[in-house]
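Engineer: Could you build all of it, start to finish, from the sequences and the hints given here?
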Amino acid sequence: MFPSSTYIEKVDFAFLFITAISAALLLLVTVLMIYFVFKYNHKKNKKAVNIHGSVPLEIFWTVVPIILVLGMFYFGWMGYSEASNPPANSMEVKVTGQMWKWTFDYPEGFSTDTLYVPQGVPVKLNLNSADVNHSFYIPAFRIKRDVLPNRENFLWFNAEKTGSFDVACAEYCGLRHSYMYTKVIVLTDSDYESWKKQKIEKSSAGQAI
Amino acid sequence: MTAHPTGVNDVSYLEYKGKHKGLMSWIFSTDHKRIGVLYLISMLTFFAVGVTFGFLMRLELIAPGPTIMDPQTYNSIFTLHGVIMIFLFIIPGLPAVFGNFFLPIMIGAKDVSFPRLNLLSWWLFLIGGLLAIVSVFLPGGPADTGWTFYIPYSVRSGTNVMPALMAAFILGFSSILTGLNFVTTVHRLRTKGMGWFKLPLFIWSLYSTAWIQVLATPIIGITLLLVVFERWMGFGIFDPALGGDPVLYQHLFWIYSHPAVYIMILPAMGVISEIIPVFARRTIFGYKFIAFSSVAIALLGSLVWAHHMFTVGMSGTAMFIFSLLTFIVAIPSAIKVFNWVATLYKGSIYTDPPMLYALAFIFLFSIGGFTGLMQGALSVNLHIHDTSFIVAHFHYVMFGGTGFGIFAAMHYWWPKMFGRKYKMRPAKVAFWLLFVGFNVLYFPMFVMGWLGMPRRYYDYLPEYTPYHRLSTIGSWILITGLIIMFYNLYSALRKGEKTTEENIWGGETLEWRAKTPPPLENFEDLPEVSEAPYEYKENDLVNEKELEEVH
Numbered sequence: 001m002f003p004s005s006t007y008i009e010k011v012d013f014a015f016l017f018i019t020a021i022s023a024a025l026l027l028l029v030t031v032l033m034i035y036f037v038f039k040y041n042h043k044k045n046k047k048a049v050n051i052h053g054s055v056p057l058e059i060f061w062t063v064v065p066i067i068l069v070l071g072m073f074y075f076g077w078m079g080y081s082e083a084s085n086p087p088a089n090s091m092e093v094k095v096t097g098q099m100w101k102w103t104f105d106y107p108e109g110f111s112t113d114t115l116y117v118p119q120g121v122p123v124k125l126n127l128n129s130a131d132v133n134h135s136f137y138i139p140a141f142r143i144k145r146d147v148l149p150n151r152e153n154f155l156w157f158n159a160e161k162t163g164s165f166d167v168a169c170a171e172y173c174g175l176r177h178s179y180m181y182t183k184v185i186v187l188t189d190s191d192y193e194s195w196k197k198q199k200i201e202k203s204s205a206g207q208a209i
Numbered sequence: 210m211t212a213h214p215t216g217v218n219d220v221s222y223l224e225y226k227g228k229h230k231g232l233m234s235w236i237f238s239t240d241h242k243r244i245g246v247l248y249l250i251s252m253l254t255f256f257a258v259g260v261t262f263g264f265l266m267r268l269e270l271i272a273p274g275p276t277i278m279d280p281q282t283y284n285s286i287f288t289l290h291g292v293i294m295i296f297l298f299i300i301p302g303l304p305a306v307f308g309n310f311f312l313p314i315m316i317g318a319k320d321v322s323f324p325r326l327n328l329l330s331w332w333l334f335l336i337g338g339l340l341a342i343v344s345v346f347l348p349g350g351p352a353d354t355g356w357t358f359y360i361p362y363s364v365r366s367g368t369n370v371m372p373a374l375m376a377a378f379i380l381g382f383s384s385i386l387t388g389l390n391f392v393t394t395v396h397r398l399r400t401k402g403m404g405w406f407k408l409p410l411f412i413w414s415l416y417s418t419a420w421i422q423v424l425a426t427p428i429i430g431i432t433l434l435l436v437v438f439e440r441w442m443g444f445g446i447f448d449p450a451l452g453g454d455p456v457l458y459q460h461l462f463w464i465y466s467h468p469a470v471y472i473m474i475l476p477a478m479g480v481i482s483e484i485i486p487v488f489a490r491r492t493i494f495g496y497k498f499i500a501f502s503s504v505a506i507a508l509l510g511s512l513v514w515a516h517h518m519f520t521v522g523m524s525g526t527a528m529f530i531f532s533l534l535t536f537i538v539a540i541p542s543a544i545k546v547f548n549w550v551a552t553l554y555k556g557s558i559y560t561d562p563p564m565l566y567a568l569a570f571i572f573l574f575s576i577g578g579f580t581g582l583m584q585g586a587l588s589v590n591l592h593i594h595d596t597s598f599i600v601a602h603f604h605y606v607m608f609g610g611t612g613f614g615i616f617a618a619m620h621y622w623w624p625k626m627f628g629r630k631y632k633m634r635p636a637k638v639a640f641w642l643l644f645v646g647f648n649v650l651y652f653p654m655f656v657m658g659w660l661g662m663p664r665r666y667y668d669y670l671p672e673y674t675p676y677h678r679l680s681t682i683g684s685w686i687l688i689t690g691l692i693i694m695f696y697n698l699y700s701a702l703r704k705g706e707k708t709t710e711e712n713i714w715g716g717e718t719l720e721w722r723a724k725t726p727p728p729l730e731n732f733e734d735l736p737e738v739s740e741a742p743y744e745y746k747e748n749d750l751v752n753e754k755e756l757e758e759v760h
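Order-wise, the sequence lines are chains A and B.
Residues 1 to 209 in the working numbering are what the first sequence spells out, letter by letter.
Residues 210 to 760 in the working numbering are what the second sequence spells out, letter by letter.
Check before you lean on any hint, since a few could be wrong.
[Stated by the list, open to error] Pairs of lysine-lysine residues, derived as DSSO-like cross-links and limited to a Cα-Cα distance of at most 30 angstroms, are as follows:
no., chain 1, residue 1, chain 2, residue 2
1, B, K630, A, K47
2, A, K199, A, K183
3, A, K47, B, K632
[Said to hold, decoys possible] Listing some non-contacts, in silico: residues in chain B with all C-beta distances to chain A over 12 angstroms:
no., residue
4, G231
5, W405
6, P427
7, V504
8, L512
9, K707
10, T708
Derived from the structure by calculation, the hints contain no laboratory data.
The structure presented is a predicted model; accordingly, all values stated were derived computationally and were not measured.
Glycine included, every Cβ here is placed at the ideal spot set by N, Cα and C.
Structural biologist: Quick look at the structure:
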């Protein structure tokens, strides 16, 4: 049904689908409005004609929008279903939000303040807050989920490209809310493995001291 | 009919001398018109404060990094901007000001059902409003929680959250009393011959609104009170540290606050439905469809609250239902828009200031509605939720919609209310500045929201600078328009041309049969009604069959 494959493309498609229909309807309404205002200006059209209504027209402009919005709903729902079903083989990272920083705990036992992930591997983030509500948001990946103190939410993605992307806090959380930024850094598989190895060594060295 | 003391209806409500003199004759008056004017003055005062805060926020955001204030001040300012604009401007803007003034006149009544409750509701409004303002100056500083007061932050914040909560609580009662009065008045005080389908559409929209005010406002009242107890005594209903659930708070908050959005927009739709037939000099297209769509919005609008919480982590079933209903609630609004546009067809159109505002309403409200659809789609919502996209969306609906609706109402009814005419040229200049300024101010927020600019941000990443800068420039254009508009209306009161003309615009609803300005009891003799509103009988009539042939 979707003309594109990745999650990002699906979200963008749903957005463009709704935007295109909306823009067409807005244009129709606006052009008609302006056209009528000029065509039936009181200077040209001294006497108005009364039209009390038209049931067929009312049915037409009730049914057509219903069909259109059901289409919009469908694309939104399909994207959401994908976003809420992480693959079973996902790599899991625990994310803790607190005023005003992020902490990432890896299954190997070390933790970081920047999220490093391997390219092309599904990553599931288990989200929890140490204090107030936050929201974990990666604009480039089109994903966001609230980070709450009393429940564990999750989020997953599969990064297609390497690079560094912004992570923002999207739920207002006080004084330094707008500075609660970090990065997600997507590495190639081999880069990620060597980064991980280094981290494990460091953390076990830290424990030894 | 001379059942009243002589002279009551010889002078206008502005000149009438009752028990009290001077200021007292206003603040203790139970006349619905004087109460309407009291609301108008207090609402516009609060609006000026709210605009000032909005202006300061935009100025802060003109460049990244600290510009004119620190983050704590910014956080308080956006909180107060929200609280003031929502509870003190938009909610009372049409029902309490123009509803109070015109509802009894338009159904041919002398006053509302409970005039003393009506006065009490204004006093509560004033007390609530002053409490919100006073909280700014108390030690501890103004609340910094956002107008949504989300827990746990609102329990932890050291600022004056309590006075702000109490203010909102008291304002809720003011709103409930107004709603109660309107429901009763519409049921009991319609004049002879004024059947339900002869009611002006503004009355239909006020009636639907009044039901939401009565049914939904108590929920926010009790919820805010629970937050007060939570802060005060540690009840543990919402605070997770005490075993409560912050998501429960969000549900209760939006069960009111989403219907409240319709409290805000429905009366504005009513105003537009009044203005368009009058300035097209023809009957309205699809009266019953517009009337019932108000009721449908009131009903469906009560069932979509959780679309404010799509990122909170709800079950798939809840997500499915709330998203679907969110799309369905768009339909009655669309029906209204199509009927308004169809009403222009074959009219004899006058583009006086009220009509300009009404046409701008249709355009801006449509953009607000369409961008609402984008957020109703779940996958898209997960991206743009809590970004400046939503800020743009609700300003298009609430300001471009309701705000422009209030301005339309002011320009439509001002001469009737005060017996003075305003100048047309400055009114039109102000309109165009407002329209252009509005779009320059809010449209860039859609773009940067889609690009990932979160809302309620004191500072931002450098790539968003051009959009923020453009938006700030828009705020200057908008404010210039506001100043010209208000100065023009104000100087009309001081030195505008006096008028006693009853029917200034050629309307056919009952307020245009009352004297200008209306006397204490509105009419010498209560009018009888035999026609539906907006009949314009001298026009040629095209019935439905002929119309089908045209197409």
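Engineer: Decide, hint by hint, whether the structure agrees.
Structural biologist: Tested hints:
no., hint, result
1, B:K630 with A:K47, "26 angstroms, holds"
2, A:K199 with A:K183, "17 angstroms, holds"
3, A:K47 with B:K632, "27 angstroms, holds"
4, G231, "44 angstroms, holds"
5, W405, "17 angstroms, holds"
6, P427, "26 angstroms, holds"
7, V504, "15 angstroms, holds"
8, L512, "15 angstroms, holds"
9, K707, "26 angstroms, holds"
10, T708, "21 angstroms, holds"
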